[in-house]
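Residue numbers (the numbering used here), protein chains in the order written: chain A, 7 to 449; chain B, 7 to 449.
Please note that a few of the clues may not be correct.
It does not matter which identical chain is used: a pair holds within one copy or between any two.
Below, simulated DMTMM-like cross-link-like pairs (lysine to aspartate or glutamate); rule was C-alpha separation at most 25 angstroms, straight line [what the hints assert, rightly or not]:
1. 73 with 63
2. 79 with 378
3. 108 with 84
4. 108 with 160
5. 73 with 264
6. 251 with 202
7. 108 with 21
8. 79 with 54
9. 203 with 35
10. 397 with 315
11. 73 with 122
12. 200 with 432
13. 108 with 22
14. 203 with 104
15. 108 with 393
16. 400 with 90
17. 108 with 403
18. 190 with 202
19. 126 with 101
20. 200 with 393
21. 108 with 17
22. 203 with 393
23. 73 with 17
24. 394 with 265
25. 190 with 241
26. 397 with 432
27. 79 with 65
28. 73 with 62
No lab work stands behind these hints: they were computed from the structure. Bear in mind that the values here come from a model prediction, so they are computed numbers and not experimental data.
Number of protein chains: 2
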Amino acid sequence: MNTNPARGMRDFLPDDVRRRQYVMSVIADVYQRYGFEPLETPAVENIETLMGKYGEEGDRLIFRILKRGEEGKTGEADLALRYDLTVPLARVVAEYRERLPKFFKRYQVQPVWRADRPQKGRFREFYQCDVDAIGSTSLVVEAELLGAAAEVLERLGFSAFTIRLNHRKALGGLLEAAGVAVAKHGEALITLDKLDKVGPDGVTAELASRALLAEADAANLVQLFATGGAATNDDVLRRLRTDMKGHEAGLRGVSELEDIVRLSDASRARGRIRLDPSLARGLSYYTGSIFEIAVPDLTGSLGGGGRYDELVGMFLGSQVAACGISLGLERILVVMNARGMFPPVVGATAAQVMVTIWNADTVADAIRLAGELRTAGLRVDVYPDTDKIGKQVKYADSRGIRFVTIVGTDETTRGEVAVKNLSTGEQQLMPRADVATFIRKHG
Amino acid sequence: MNTNPARGMRDFLPDDVRRRQYVMSVIADVYQRYGFEPLETPAVENIETLMGKYGEEGDRLIFRILKRGEEGKTGEADLALRYDLTVPLARVVAEYRERLPKFFKRYQVQPVWRADRPQKGRFREFYQCDVDAIGSTSLVVEAELLGAAAEVLERLGFSAFTIRLNHRKALGGLLEAAGVAVAKHGEALITLDKLDKVGPDGVTAELASRALLAEADAANLVQLFATGGAATNDDVLRRLRTDMKGHEAGLRGVSELEDIVRLSDASRARGRIRLDPSLARGLSYYTGSIFEIAVPDLTGSLGGGGRYDELVGMFLGSQVAACGISLGLERILVVMNARGMFPPVVGATAAQVMVTIWNADTVADAIRLAGELRTAGLRVDVYPDTDKIGKQVKYADSRGIRFVTIVGTDETTRGEVAVKNLSTGEQQLMPRADVATFIRKHG
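Chain A on its own, in the form it takes in the complex:
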C-alpha cells in the first residue's frame, strides 16, 4: 500500500515540528508585543467566497471539495480549501464588523493549499504567517507592520535583509505620466518585469515595439526601474517627483512613500527600507503601499504585502481600510535550515531522562519514579519492556537521552536510585529525592 503523503504535501517528523513551532512562536510573540491578536478561520470555505478574488490563475489553483452524498455524484463542488489568509480575513471583518474593534489588528498562522505544480521548495500545503491592521488609512499602520516584520526576522537571526517599498498609486502615476494608457499598465508591467532576463535595452525595445511607449520615454522608465532599488531613498523620491510630471494621484503616492520611510525610521525597520519603483507585486487587490522582504543570495522574497483598502468592501459593500504583510514560513525555514540558524535547544530530543525497568516486579515503581521526576518538571521517558538493562540503556543513548535511572533490588531497599550520565558514562547513587535536582544541574 502507498504510504507516501499526497503529492506536494509533507509529513513533519518531530525535529521538523520543533523547528516549525520555534519559528511560529517567535512570530506570535513579536506580533503580540505589537498589539496584534490571533485569529483562526476554517481550512474549508464556501467556494463563492474564494472564486474571483485571486485572478484567473488563482481560481485554477484552488482545491475544490465535492458535494456530499447523492449531490456529489454530479461532480459539483460547493466548498474549497483556503488559498490565502487575506480573503478569509476580509470575510471575517465583514461578518463580525460590530463585534470587532474599530482598529482590528490580527495575526494568523495557518496552512493554505494551492494546486501548483510541486517543485523544489514549492508545496501544495504550506503555512502563511499574516499580520494585518484593519480600519485605518494612517501610515502609522505601515510603519508598525514593517517594524514588526523586521523585528521577527531579527529575532530569528536574519541580519542582512532589506524591505523593498513601492506604492501602487506612484507606480500607476509613473506609467501614466510616461504615456502608458491605463488599460495597458498590466502589459507594461509584465514587460518591465523581464529586466533581469533581457536587460534594459531588451525591455526598452519591447516596450517600444509593443507600442506601449515612445522609445525615449521607455528608456527613461527602464532606467528608473533598473537603478531604483540601488539609489538612495532621497534620490528615488526626487526622481519620482520629476518623472510624475504633475500627475496628482501619483504625487500623493510619492508623498506617502516619503512618510512611510520617515515613520519607519522610528521603528525596528530603520535603515532597512529601499524605495524600489520597479516593485509591482502580483495580486490585484493592492491599492497603496506595497512591500517585499529581500535577503541577499536568495531569489524570491521572505514575505511581502501592502495596502488593500477595497477588498473588505467586496464582502461588506462599504470600504474598510486594510494593510498587511505576510511572511513565508516555508522559505524562512529553508533558509534557517540551510544556514544553521536554529538555537541548539530547538533540535533537542523530547526526554531529559529515561527510567529503566529492572524486572517484572518493579514496573509499577518505575512508573511512580517517572511521575515524581515529571512533577519536578522534567521530561521523562519510561522504557516499556523488561529487556536487559544494557539494551534499555543502549536505546536511551540511541535516542540522545542524556540520563537513565536504574533501580535494582539493592537500590529499592535503600531508597536510592542509580543515575547514569550517558555522555560521560559516569554512574552515581543518590537518594531518590535528589534525582531531579541532579539531572537539572548536570543536564
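Chain A is fixed; fit chain B onto it per the hints.
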C-alpha cells in the same frame, strides 16, 4: 455576499483562539513531560489512504477533493481531508519505520474534517489531540497514556472525571462464553448499547427475541453490563473471571485489565480507573484495552482510545503494536467555557498599554516610544490616527487596555511621559525610561 463560514465550520476570534491555545499548550506541555514528541501530517491525504479504514459510515463522511484541471471535469476525487489522526499516524509509521525510534511516542494536535450533519456542539472541522505509543505490547504503555491524559485534565482543572476501562478480548470472550456466536457480536453489542434507553428488562427481552442468547444468559450478561461501572474493580474482575467460563483469550484480556489497573495506580490515573464491561467503543480497529473518559453531568466523553495492534499492519504488511488516547478539544472547551474554568489571564486583551499620538508632528516619536516599551517586554498598541486625545483614550478603555501614554509638547521638552491608568483614572508624569517598569509594576 454571504460572509458566513462554511456550514459546520467556525471562525475563531481572538478570545476564542487564546482559550484554544491555552488548552493546547497545557496538552503539549504534559505530553512532552511524558516523553512524547510532536508529529504533524497534511490535512489532505490520498483518498485510498483513508477509504475503508473507518467502516461504511466513516467512508460516507469523508470530504473528497476533486481532481484538478481537465481531470476534475469527470467529477472524480483523488484526495480527501484527514478524518482522524490515527490512520495518518499508521501511514507515517509504515513510511518512516527505519527513521523512527523503536518505541515511537508521538502527540498530534490538528484539525480533522467530517461531513457529519452539524448540530449543537458537533462541527465539521474540529481539533483532535492524540497521543500514541508505537512499538510495544507492554501494559506500561497503557498506564503511561492514562496517567498522561489524567494529568492533562487535572492541569486544566477537571477534578471529578473517571476513566472507564475495558478490553476487546475480555468483551469478546464474555459474549462467546454467554453463547453469542462471534458473527453476532456486533448485533449483540448494538442491542446491549440500548441499556440506558430501554432498561435491563427491555434489552434482555430483545437479546432473547433476536435469538442472540438464551433468556437466562441474556439476563446475566445484562446485569453485568448494567452494574459493571458501579461495582469495585476487584468485584468486576472476579465476576468477569467467573462469567468467562474458562474462555482463554477472554481470561488473558481480564489479566491485562488487572495489570493495567495495578500499574495505573502508580500513575496520575490513580483512583480514576473504573472497569466497565459494557464499554465497547465504536471503531473496529481496537484489539486490546479500550478506554473512555467520563465527566459527571456530561453525556458523551472527553476522550477515549485503546490498543490497535493491527492497524499499522494494514499499511506496512507486518504488525506493529500501537496504543493511543484521543482527547476531544472541542468538548473540553465547551465544558471549560460553561464552567468558567479558564485562568483570568487567558481572556486578557493583547495590549498592556496604548501609546497615543499628540499631533501630526509627534507620530514618529509615538512609534519610537512604542518600540522602547516593546523592547522592555511589554505588549504595546499604538493608536494610528491623530484623533483628539480624549477619543484615543476612550478607545483604549473600550479595548480593555489598562494604560495609555500621553506625550504632549511640554512632556517632549522635559523628556517625560504622562501615564494614565484607565482603571483608576490616575495620571502620572515620569521620565521616559521609567514607563515600562511602572506599567509592569502596576499592571
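Quiz item: With identical chains treated as interchangeable, where does the CA-CA distance between residue 79 and residue 378 reach 25 angstroms or less: within a copy, between copies, both, or neither?
Solution: neither (57 angstroms within a copy, 60 angstroms between copies)
Quiz item: Taking 25 angstroms as the upper bound on the Cα-Cα distance, should residue 108 and residue 22 be classified as within, between, both, or neither?
Solution: between (39 angstroms within a copy, 19 angstroms between copies)
Practice problem: Could you figure out if residue 251 and residue 202 sit no more than 25 angstroms apart (CA to CA) within one copy, between two copies, both or neither? | Solution: Result: close neither inside a copy nor across copies, 27 angstroms intra and 83 angstroms inter.
Quiz item: Are the CA atoms of residue 73 and residue 122 at most 25 angstroms apart within a copy, between copies, both, or neither?
Solution: This pair counts as both: shortest intra-copy Cα distance 23 angstroms, inter-copy 13 angstroms.
Practice problem: If the cutoff is 25 angstroms on CA atoms, where do residue 73 and residue 62 land: within, between, both or neither? Let me know, please. | Solution: both (23 angstroms within a copy, 18 angstroms between copies)
Practice problem: Could you figure out if residue 126 and residue 101 sit no more than 25 angstroms apart (CA to CA) within one copy, between two copies, both or neither? | Solution: Only across copies: residue 126 and residue 101 sit 21 angstroms apart there, 38 angstroms inside one copy, limit 25 angstroms.
Practice problem: Using 25 angstroms as the alpha carbon limit, work out where residue 200 and residue 432 are close: within a copy, between copies, both or neither. | Solution: For residue 200 and residue 432, neither the intra-copy (64 angstroms) nor the inter-copy (61 angstroms) Cα distance is at most 25 angstroms.
Quiz item: What label fits residue 108 with residue 393 when the C-alpha limit is 25 angstroms: within, between, both, or neither?
Solution: Answer is between; shortest inter-copy Cα gap is 13 angstroms, intra-copy 64 angstroms.
Exercise. At 25 angstroms max between alpha carbons, let me know whether residue 203 reaches residue 393 within a copy, between copies, both or neither.
Key: neither (64 angstroms within a copy, 48 angstroms between copies)
Quiz item: Within a copy, between copies, both or neither: where do residue 203 and residue 104 come within 25 angstroms Cα-Cα?
Solution: Classified as neither: same-chain Cα gap 49 angstroms, cross-chain 45 angstroms, threshold 25 angstroms.
Exercise. State whether the alpha carbon distance between residue 73 and residue 17 is at most 25 angstroms within one copy, between copies, both, or neither.
Key: between (27 angstroms within a copy, 21 angstroms between copies)
Practice problem: Could you figure out if residue 108 and residue 17 sit no more than 25 angstroms apart (CA to CA) within one copy, between two copies, both or neither? | Solution: This pair counts as between: shortest inter-copy Cα distance 19 angstroms, intra-copy 40 angstroms.
Against the hints set out earlier in the document, violations occur for numbers 2, 3, 4, 5, 6, 9, 12, 14, 16, 20, 22, 25.
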